[in-house]
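Listed below are the residues making up each chain.
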Amino acid sequence: MDLKGINSKVEPQFQELHQRSLYQSLEDKHTTIEEIDSEDPLNAKMILNMGPQHPATHGVLRLVLQLKGETIEKTKLDIGYLHRGVEKIAENKTYQEFMPYTDRMDYLSPYSNNVALCTAVEKIAQVEVPERAHYIRMIGCELARISSHLLWLGTMVMDAGAISFFIWTFREREKIYDIMDQIAGHRFTVSHSRIGGVANDLTEDATALIKEFVDTFPNELSDWHKLLDRNRIFIDRNENAGVLPTEKALEWGATGPVLRASGYAVDQRIISPYLRYDQVDFEVPTRMEGDNLARYFVRMEELGESIKIIRQCLDKIPKGPIRSNNAKHTYPSKDEVYYSMEGMIHDFMMTDTGICPPAGTECYHAVESPKGELGYFIQSDGTGHPWRLKINAPSFKNLQVLENILDGEMVADTVVIIGGMDPVMGEADK
Amino acid sequence: MSLELNETLQSVVDGLSDKFSDKLIEVYQTSGDTFIRIEADAVVDICLYLKSEHHFIYLSDIIGTDRFTSDERFEVIYNLMNLRTQTRLFVKIRVPEEEPVVNSVTSVWLSAGWNEREVFDMFGIRFEGHPDHRRVFMPEDFDYFPMRKEFPLLGIPGSLELPNTTPDSE
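So the sequences go chain by chain: S and F.
In terms of our numbering, the first sequence opens at residue 1 and continues consecutively.
In terms of our numbering, the second sequence opens at residue 1 and continues consecutively.
Since the hints were derived computationally from the structure, they do not count as laboratory data.
Note that the structure is predicted; figures quoted are calculated from it, not measured.
Built from N, CA and C at the ideal position, the CB exists for glycine as well.
Worth double-checking, as some hints may not be accurate.
To be verified - Derived CB-CB ranges, DEER-like: (1) S/Arg-232 to F/Glu-128: 44 to 54 Å; (2) S/Ile-233 to F/Gly-15: 49 to 59 Å; (3) S/Lys-226 to F/Glu-150: 53 to 63 Å; (4) F/Glu-128 to S/Leu-227: 50 to 60 Å; (5) S/Lys-334 to F/Gly-129: 50 to 60 Å; (6) F/His-55 to S/Ser-222: 38 to 48 Å; (7) F/Asn-6 to S/Glu-131: 22 to 32 Å.
Stated by the list, open to error - With a straight-line Cα cutoff of 30 Å, these simulated DSSO-like cross-link-like pairs (lysine-lysine) come out: (8) S/Lys-29 to F/Lys-51; (9) S/Lys-123 to F/Lys-92; (10) F/Lys-149 to S/Lys-328; (11) F/Lys-149 to S/Lys-88.
Okay, chain S solo, but in the shape it has when bound (with noise of 0.2 Å):
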């Protein structure tokens, strides 16, 4: 097949001026590097349409890949299924309202998303957060981030052929859930977070279920190192499959994990540590090698390093307010709402209008989300309405390095390495 003027051969049923460019951007990526293929006799190129509804693309992620036999000369991602706009709908809501909506972003670590968005607010709005709210803010972050990791784990060794393991993970998220269930009754979109501290204390119950799965989940977390760290399967589906090069690693805009399997100990916990990431104890797992391996190495020792920082918080969390006690910055207590005036209408006022930073200013804000920088970039025109607000979603940058590095792959390496990127489509495509 001559794969001159790919646009020629199709014929795009819906939105077809989408379709065609997509296709044309396809033929003219590495044009200036492309042999002359005037003669195919074997017939083997082709182009693979695979996604936005294939089960292993973790969403609706669409790939255009342009095959040679079974090595993937070039390809190019269609992202854009998942846009929902929030941006625009930030722009018409008030801080507080506008966070449920981050849930929805990062759906695989909410308690994150929640926490990034709090954070910026209180940067550009100068509010302060009393101590206890910030180490329940760190224990909710960890255990998003070891949720996030848990399913990237099950559905990348499912990925790569081992159908059980998915069900050991999702038994641990499981008990995360009963605990998110404790710490703020839900059990996936959270919303605990408030502009100012949180919206209530851990419970005893939720303390307990903290202190078990600390102590349960490392056992759990050695079994699967012994079962996955020298499998010799599961060694050669990963090992130097999607190679992310150091040099490269920055230049492509990689971030998180992804970053740190390729050498740059970045980490946003360390670089400008939040909340009170710089009083506890961590190391940030770095890999050199940048393969999918490598991902997979970081991601499990990140594991062991949030169950680390989860228990130096039990021991550390002082007692005291949850959240901020100024009326004109977050929302009063219930007690405060229900028995006393001022209590009602402070909080009509936070409903109504909510927290205003001042005119012209303009913030952002970086938290380390389990998939990498997550930042909120805020403007103010001094309403409670932010005039600008855009997320830096980390799914988004690792997706243009996953562009970049499946040029010259297998096709069936494609599964596991769009696996080891951990792509959330909710994320990238805003």
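With chain S's structure known, arrange chain F on it following the hints.
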């Protein structure tokens, strides 16, 4: 307003006012972040200078904003990161409403590709010299730029019949 610059940022400001004195418009800080506003036509030169001389090797994000009703309506903000001293710097340019075109910085940081496509998709700012200038989220057939302030929150203009928002109209 006095600036509190650390060593890296101070050397950036000194270097820029030395080499690009006519292109540097203002340096200001808000909420602890440092912003540098420059002339739009010098963006590639200055970005290359920042990358090669001041080690801002990581492009974290590109942000588009709409300063609706102001002159020079659009703003493009480059979020740069110096990983050696772990400093963040925001470089800002302003673009007019008529024919918003900016030179692409993909020659400086390859990772700018998707970020610039996103800004184009949402605001309609074109990036001259971009290797793959397509929309990233919306389909190519879409005629509007949804993050512009005049784009409505509900519905595409003229496409769907929207429910009445005023109770009196029949």
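- Query: Which earlier hints can't be squared with this structure?
  - Reply: Failing hints: none at all.
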